[in-house]
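> Throw the hints in and build the complete structure from the sequences for me.
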Amino acid sequence: MTAPILRRLADLRAKTADWRRAGETIGLVPTMGALHAGHLSLVEAAKQACDRVIVTIFVNPKQFNNAEDLANYPRTDNKDAEKLAPYGVDLIYVPDPDQIYPDGYATNVSVGGSITAVMEGPFRPGHFDGVATVVAKLFLQTSADKAFFGQKDYQQLMVVTRMARDLDIPIEVIGCETVREPSGLAMSSRNLLLPEEALAKAAALNAAMREAAAKASAGEPWAPLEAAARQALAEAGFGDVEYFDLRCAETLEALETPSRPARLLAAAWLDGIRLIDNIAVPQLNS
Numbered sequence: 001m002t003a004p005i006l007r008r009l010a011d012l013r014a015k016t017a018d019w020r021r022a023g024e025t026i027g028l029v030p031t032m033g034a035l036h037a038g039h040l041s042l043v044e045a046a047k048q049a050c051d052r053v054i055v056t057i058f059v060n061p062k063q064f065n066n067a068e069d070l071a072n073y074p075r076t077d078n079k080d081a082e083k084l085a086p087y088g089v090d091l092i093y094v095p096d097p098d099q100i101y102p103d104g105y106a107t108n109v110s111v112g113g114s115i116t117a118v119m120e121g122p123f124r125p126g127h128f129d130g131v132a133t134v135v136a137k138l139f140l141q142t143s144a145d146k147a148f149f150g151q152k153d154y155q156q157l158m159v160v161t162r163m164a165r166d167l168d169i170p171i172e173v174i175g176c177e178t179v180r181e182p183s184g185l186a187m188s189s190r191n192l193l194l195p196e197e198a199l200a201k202a203a204a205l206n207a208a209m210r211e212a213a214a215k216a217s218a219g220e221p222w223a224p225l226e227a228a229a230r231q232a233l234a235e236a237g238f239g240d241v242e243y244f245d246l247r248c249a250e251t252l253e254a255l256e257t258p259s260r261p262a263r264l265l266a267a268a269w270l271d272g273i274r275l276i277d278n279i280a281v282p283q284l285n286s
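In case it helps, my numbering puts the sequence shown at residues 1 to 286.
No lab work stands behind these hints: they were computed from the structure. Incorrect hints may appear among the rest.
Listed next, with one range per pair, are the computed distances between beta-carbon atoms [unchecked claim]:
| no. | residue 1 | residue 2 | range |
| --- | --- | --- | --- |
| 1 | E44 | D166 | 27 to 33 Å |
| 2 | A106 | D166 | 17 to 23 Å |
| 3 | D240 | A218 | 24 to 30 Å |
A virtual CB, placed ideally from N, CA and C, is assigned to each residue, including glycine.
Shown next as structure tokens:
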């Protein structure tokens, strides 16, 4: 059975008020649509943890710093509703734009500090302000108890967690494991934009990451590993590799070795599509 689709905030709040009066917990899965197995795994996690589940679909213009990227982003609302039908979602919130940014809207949520100063921050100016703003609004509009995000967007997960903590929004942010294609490619809505031959090439990103992570954990220095990975990606057909970084999993501080819990995070272009990924890096073998 397809869940009801609500587009107005008043209707959403009327429904969640009923759930609150019944003492039910609410789980939130915020998305921009074009749902894939990664999103659906978040829905499953939310269903297991909460009495009620809301999936939101909103292509947020504030987190795009490229007008062409915004225009090309897949929009598949009807297909998304069909994909959600078997999962028993309680409602799908697809807010009209004026329900998020009404006329005269003038407020922005900005997360500063080290977690936004690196990687995606410099390459996508304003992106995290857009993410923090829309997610804060969705947290408050849905009054959810728990929100579920994929770890594929690891830096975003850290930003959202910090935002909720700093603003005292009473919600638990839960990061869930990245879901991957059999090739190792992280599932992403943007994968829909890649032609079939490019999808085969895209698997080289995760392969290069896994190789570099294994060698770093064995004690090899990072700089030559990064250089080798960039060369391997170029040979596989990738264009610009924006970053291929070994960083502290908690602070995103750059590391030369995984001497503490670490993540390898990367962003690279393939056939005009920007792909990102990250993996945990085991601590340096002692």
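> A separate judgement is required for each hint: does it hold in the structure or not?
Evaluation of the provided hints:
1. E44 <-> D166: 27 to 33 Å: Distance hint for E44, D166 holds at roughly 29 Å.
2. A106 <-> D166: 17 to 23 Å: Given range 17 to 23 Å: holds, Cβ gap about 20 Å.
3. D240 <-> A218: 24 to 30 Å: For A218 against D240, whose Cβ atoms are near 29 Å apart, the range 24 to 30 Å holds.
Going down the numbered hints, you'll see the structure goes against none, and every one checks out.
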